[in-house]
Amino acid sequence: MVKNRELGGISPLLGKKKMLLSPKQFRNFKLTLLLSHGKPVSKVKIIRDLDCSEPTLTRALRELRDLYCADIRFSKTGNTYQLVDKGMLTKKDVRRIEELLAQHLNLKSEDTTSHVFLDKEKKKPVSLSLRMSVIRKIDSLAYRLETTRSDVVEMVVDRCIESLLETVERESSKRKGP
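Going left to right, the sequence shown walks through residues 1083 to 1260 as the working numbering numbers them.
If you're looking for bench data, these hints aren't it; they were derived computationally from the structure.
Keep in mind it's a predicted model, so treat the numbers as computed, not measured.
Possibly wrong hints are sitting among the right ones.
Straight-line alpha carbon distances no greater than 30 Å define the calculated BS3-like cross-link-like pairs of lysine-lysine that follow [claimed, not checked]:
#, residue 1, residue 2
1, K1112, K1206
2, K1168, K1106
3, K1127, K1158
4, K1168, K1125
5, K1158, K1112
6, K1205, K1219
7, K1106, K1204
8, K1125, K1190
9, K1204, K1258
10, K1174, K1127
11, K1174, K1190
12, K1158, K1173
13, K1174, K1204
14, K1125, K1173
15, K1190, K1204
16, K1127, K1112
17, K1112, K1190
18, K1205, K1173
19, K1127, K1173
20, K1174, K1106
21, K1174, K1125
22, K1206, K1219
23, K1173, K1106
24, K1127, K1190
25, K1121, K1106
26, K1125, K1112
27, K1158, K1205
Model the full structure from these sequences, guided by the hints.
Dropping the structure here:
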């Protein structure tokens, strides 16, 4: 049995690059961890923890059984699932799954907090006539910051407009003078 099958296969995720898991990988890895201890786990708890439907749980259990040749039994009396035989599921696999889930949750929380914009300002396209030397400077900065011309122009305006307005204000008040 090859472990690179679709439980979200651990093998492709062994690289150093950090990336988010797909919802299916996340669900299947979480299911693997829930059952890996060999103790009975309530069906209701599994469905709640995985945030999935019964048919999705059934598919995930089938994939787990197939991937690891594991024996997972359902108890009608306790309405629980239990991993009776781990098959090819090793402690190393379980540790790696724990690491991947922790990494996923960490990346997801970073991603969530760094991209919250509740009141996004509307943008309006504007045409500007600029000298080529200025355009080259804008392009150079955009390349270095890995962003767009528009973002660079917006940054420059945001940073410089206040001081420019203050200067104009002072000069106009000097002209009116005492």
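Do the hints match the structure? See the list:
no.: 1; hint: K1112 to K1206; in the structure: violated, 45 Å
no.: 2; hint: K1168 to K1106; in the structure: holds, 21 Å
no.: 3; hint: K1127 to K1158; in the structure: holds, 15 Å
no.: 4; hint: K1168 to K1125; in the structure: holds, 19 Å
no.: 5; hint: K1158 to K1112; in the structure: holds, 22 Å
no.: 6; hint: K1205 to K1219; in the structure: holds, 23 Å
no.: 7; hint: K1106 to K1204; in the structure: violated, 36 Å
no.: 8; hint: K1125 to K1190; in the structure: holds, 27 Å
no.: 9; hint: K1204 to K1258; in the structure: violated, 37 Å
no.: 10; hint: K1174 to K1127; in the structure: holds, 25 Å
no.: 11; hint: K1174 to K1190; in the structure: holds, 24 Å
no.: 12; hint: K1158 to K1173; in the structure: holds, 28 Å
no.: 13; hint: K1174 to K1204; in the structure: violated, 50 Å
no.: 14; hint: K1125 to K1173; in the structure: holds, 24 Å
no.: 15; hint: K1190 to K1204; in the structure: holds, 27 Å
no.: 16; hint: K1127 to K1112; in the structure: holds, 12 Å
no.: 17; hint: K1112 to K1190; in the structure: holds, 15 Å
no.: 18; hint: K1205 to K1173; in the structure: violated, 53 Å
no.: 19; hint: K1127 to K1173; in the structure: holds, 23 Å
no.: 20; hint: K1174 to K1106; in the structure: holds, 21 Å
no.: 21; hint: K1174 to K1125; in the structure: holds, 26 Å
no.: 22; hint: K1206 to K1219; in the structure: holds, 23 Å
no.: 23; hint: K1173 to K1106; in the structure: holds, 22 Å
no.: 24; hint: K1127 to K1190; in the structure: holds, 23 Å
no.: 25; hint: K1121 to K1106; in the structure: holds, 23 Å
no.: 26; hint: K1125 to K1112; in the structure: holds, 14 Å
no.: 27; hint: K1158 to K1205; in the structure: violated, 59 Å
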